[in-house]
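A.B. asks: Residue numbers (this note's numbering), protein chains in the order written: chain X, 116 to 346; chain D, 116 to 346; chain E, 116 to 346; chain F, 116 to 346.
Hints in this document: simulated from the structure, not taken from any laboratory.
Note that the structure is predicted; figures quoted are calculated from it, not measured.
There could be a bad hint or two in this list.
With beta-carbon atoms standing in for the labels, derived distance ranges [what the hints assert, rightly or not]: (1) Val180/X x Pro339/D: 20 to 26 Å; (2) Glu275/E x Asp254/F: 27 to 33 Å; (3) Met129/D x Arg149/E: 38 to 44 Å; (4) Asn175/X x Asp254/E: 47 to 53 Å; (5) Pro168/X x Asp244/D: 47 to 53 Å; (6) Pro325/E x Ala276/F: 29 to 35 Å; (7) Asn271/E x Ala292/F: 20 to 26 Å; (8) Arg149/E x Ala276/F: 54 to 60 Å; (9) Met129/D x Arg265/E: 56 to 62 Å; (10) Gln320/F x His337/E: 39 to 45 Å; (11) Leu176/D x Lys133/E: 34 to 40 Å; (12) Asp330/D x Asp244/X: 31 to 37 Å.
Note that the Cβ used here is the ideal one computed from N, Cα and C, for glycine as well.
Each chain, written out:
Number of protein chains: 4
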Amino acid sequence: MLEKLKEEVYEANMSLPKLNLVTFTWGNVSGIDREQGLFVIKPSGVPYEKLKPEDLVVINLKGEVVEGDKNPSSDTPTHTYLYNHFPKIGGIVHTHSPWAVSFAAAKMDIPALNTTHADTFYTAVPAADALTKAEIEEDYEGNTGKTIVRTFKERNLDYEATPAALVSQHGPFAWGATPAKAVYNAKVLEVVAEEDFHTLELTHQNSELPQYLLDKHYYRKHGPNAYYGQR
Amino acid sequence: MLEKLKEEVYEANMSLPKLNLVTFTWGNVSGIDREQGLFVIKPSGVPYEKLKPEDLVVINLKGEVVEGDKNPSSDTPTHTYLYNHFPKIGGIVHTHSPWAVSFAAAKMDIPALNTTHADTFYTAVPAADALTKAEIEEDYEGNTGKTIVRTFKERNLDYEATPAALVSQHGPFAWGATPAKAVYNAKVLEVVAEEDFHTLELTHQNSELPQYLLDKHYYRKHGPNAYYGQR
Amino acid sequence: MLEKLKEEVYEANMSLPKLNLVTFTWGNVSGIDREQGLFVIKPSGVPYEKLKPEDLVVINLKGEVVEGDKNPSSDTPTHTYLYNHFPKIGGIVHTHSPWAVSFAAAKMDIPALNTTHADTFYTAVPAADALTKAEIEEDYEGNTGKTIVRTFKERNLDYEATPAALVSQHGPFAWGATPAKAVYNAKVLEVVAEEDFHTLELTHQNSELPQYLLDKHYYRKHGPNAYYGQR
Amino acid sequence: MLEKLKEEVYEANMSLPKLNLVTFTWGNVSGIDREQGLFVIKPSGVPYEKLKPEDLVVINLKGEVVEGDKNPSSDTPTHTYLYNHFPKIGGIVHTHSPWAVSFAAAKMDIPALNTTHADTFYTAVPAADALTKAEIEEDYEGNTGKTIVRTFKERNLDYEATPAALVSQHGPFAWGATPAKAVYNAKVLEVVAEEDFHTLELTHQNSELPQYLLDKHYYRKHGPNAYYGQR
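Make the full structure from the sequences, and use the hints.
C.D. replies: Listed below in structure tokens is the structure:
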């Protein structure tokens, strides 16, 4: 069942330790088959060095296990919520990568301070609103997805142009058209978080990119007039 | 004698350099057999690349060498004190991992600023009171254990729920149900120390987790209602 | 065509990941044959692990593709402009190395605070003036070269003695007599950016090298009286 | 000639890149045969991956080349001066390791803030006085040794108990009873520089070890009553 997608999600999961995005088992990638309305996700708490494609768990868009012997990632309800509300995404990644976590713990957006950021993210990457006590106790992981979606709506952000968010005091989620692109975006987020930290320490002031520089870098890599890379 | 425990303690010691927790010989792991009241510890000053399981030293709960050709770790009296006063722990680790040392040198607790912390530590990891001149000169390593235990008592902390402490101006000790779990806790401590440093630089203010978020993350991984991982 | 130069430029490109100067495909090296007025550059967006010497693209000094199946680096107009205005350079490197980017995003020069800097750069490495909205929209990559050259002229800098610049809010360009030397200079820039960051945090004040120490270190490695290395 | 010493000095030089203490060729180790009054040093500017034991240069205590086809390290006069004035040392290391350089550029001592420091250095590691313009122009490398020795004399420091110094705006020199011990001390210096940076950022105040804790840690590893390690 979904063998090709499982292979793709497996490879994306295995790229997390290679890109230094995870310690121990702290990260998970999923990928969706939109036609069947099913997604594939890493099992909970399995070390990367022991993970096999057949360990992955298949979930439907109600968040129910459809196939798999293992418990799915405890973050499955967050993935479910995001797939339901961001209909154009094909993959989701959650990590505890340390620079992004440092900003999340500070409840700060990762601002757009350089063109590395603008090449991938068209705006600051938002720190979603913290969950209330009731939201945490009622349905923590589901409401984690909810606060991300709500934050994008409140701030009028396009989830395709800004494919990541921080969950306050927790860590980053990133997404993309495929599981591999979601991982790519998670890595970019970690790199710019590190750079932004140092830039903020140097400047102690806001020095965000002007809109025309954001436009230039974002659109030379994305959309119909992109001219970066091979086509 | 205690061959299985020696193998376990050997593996735990060897994981320290793999997890980037030690420079040169600056770290040691022990593990205890509670039934026999004996623990096994790394010999003093032996490089990891030369360490063999048979080099490990067996110690009783009075801190006396029971078996072994080599001198035990100079921190053996600290391990002895902790095993005597924290009766439910099965392994202890001491390292000089640099981020935890940075906080220890500042005599600061490692505060609970993110959910990575809450997944493993239910409270801030305390910086134990500095030893007095008399305590240092009389029985330095034994009193190092004493100040950790005293700090847990004074602050009313549960050593199972907060399985680590900083010794002021020195470095971290971590423990757990097994030697491997103690090492795991030592690594988590190092990761969150790094993240907390950066968060504190960004915020310059206290932004500790609310109790309900600490509860959620700690108890989704620990205790009877845990739902993280495979069971 | 230009097989030897292609090999040299290929090797220089492949040294970028080895020296930890690039993430993903974010960097490019070119090298020029001054007699033929042609330079060789990395194709756009090709991963280093897949790059082959025959993928490199040959460009003339008008910036036109002379040979090659692939699109050249999107930064080709910047390289073209620099080769036209810095007639003694033989190679150019652009990276998004994180410490240099942190200074570029802060629009700050990388000051000459230690002798590691003075061994390679005779002055501070300048942050070139930011491009205006019109310059970005009209010819972004060409004008990126223009602002570097203009900054060197305005500040009366010698591009051979200070073989690098930061493009504000973007990142570093470095150059040298050969592609390999350009890469060397890019690595030195990254190392001193990291050191300068920490020195500035420690001192919170200007502590630039006195001119006589800059002279000593620069001229013991460069020019007719150099005595460093084998000759 | 001095084959055994050459092998020892070669191994010590090769350990510098393994311990992440050098970039490119920026470091050198020497070792002395006190009976013959000759020392062996790395040649200038030779990459570590090409270095062979027979490339090492033999120097007498006047600083003259006694054997060797290659130019000795440009820092040879500094080594010569130190061997002449610190009669009990057997090896010297110079690196541009980045954390020690960051303190050197700030003209700051590396203070004794934790027991990792006290295990190896009995006092703060001093930043030697900056050279004057005349000293730099007259005999730069020789006077670099002179300012280190003068600083130890002025501050009444014991060069065996504090086996390293920073040269202001330049970088660290470390020494020891053997070339290997000098390298060990250079690595400890780099580790504590990194830790001290972070501790100083956390505390923004002096928090040096009390003398009795320095005594305890220094003397449990050094001198007749040491009890660390195997004997």
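A.B. asks: Range hint 47 to 53 Å: satisfied by the CB atoms of Pro168/X and Asp244/D?
C.D. replies: holds (52 Å)
A.B. asks: Lying within 34 to 40 Å: is that true of the beta-carbon distance Leu176/D to Lys133/E?
C.D. replies: Given range 34 to 40 Å: violated, Cβ gap about 52 Å.
A.B. asks: Determine whether the Cβ-Cβ distance between Met129/D and Arg265/E falls within the hinted range of 56 to 62 Å.
C.D. replies: Between Met129/D and Arg265/E, where Cβ atoms are some 57 Å apart, the hint holds.
A.B. asks: Between Glu275/E and Asp254/F, does the beta-carbon spacing fit 27 to 33 Å?
C.D. replies: 28 Å Cβ-Cβ, so the 27 to 33 Å window holds.
A.B. asks: Please test the hint of 38 to 44 Å on the beta carbon pair from Met129/D and Arg149/E.
C.D. replies: Violated, since Met129/D and Arg149/E (Cβ atoms, about 56 Å apart) do not stay within the stated range.
A.B. asks: Determine whether the Cβ-Cβ distance between Arg149/E and Ala276/F falls within the hinted range of 54 to 60 Å.
C.D. replies: holds (58 Å)
A.B. asks: I want to verify a distance hint. Is the separation of the beta carbons of Val180/X and Pro339/D within 20 to 26 Å?
C.D. replies: For Pro339/D against Val180/X, whose Cβ atoms are near 22 Å apart, the range 20 to 26 Å holds.
A.B. asks: Taking the beta carbons of Asn175/X and Asp254/E, is their distance inside 47 to 53 Å?
C.D. replies: holds (51 Å)
A.B. asks: Range first: 29 to 35 Å. Now tell me if the beta carbons of Pro325/E and Ala276/F are that far apart.
C.D. replies: holds (32 Å)
A.B. asks: Against the range 39 to 45 Å, how does the distance between the Cβ atoms of Gln320/F and His337/E compare: consistent or not?
C.D. replies: holds (43 Å)
A.B. asks: Between the beta carbons of Asn271/E and Ala292/F, is the distance compatible with 20 to 26 Å?
C.D. replies: violated (51 Å)
A.B. asks: State, for the Cβ atoms of Asp330/D and Asp244/X, whether the hinted interval 31 to 37 Å holds or is violated.
C.D. replies: The hint (31 to 37 Å, Cβ to Cβ) is violated, given that Asp330/D and Asp244/X are roughly 20 Å apart.
In terms of the numbered hints stated before, the structure departs from hints 3, 7, 11, 12, listed from lowest to highest.
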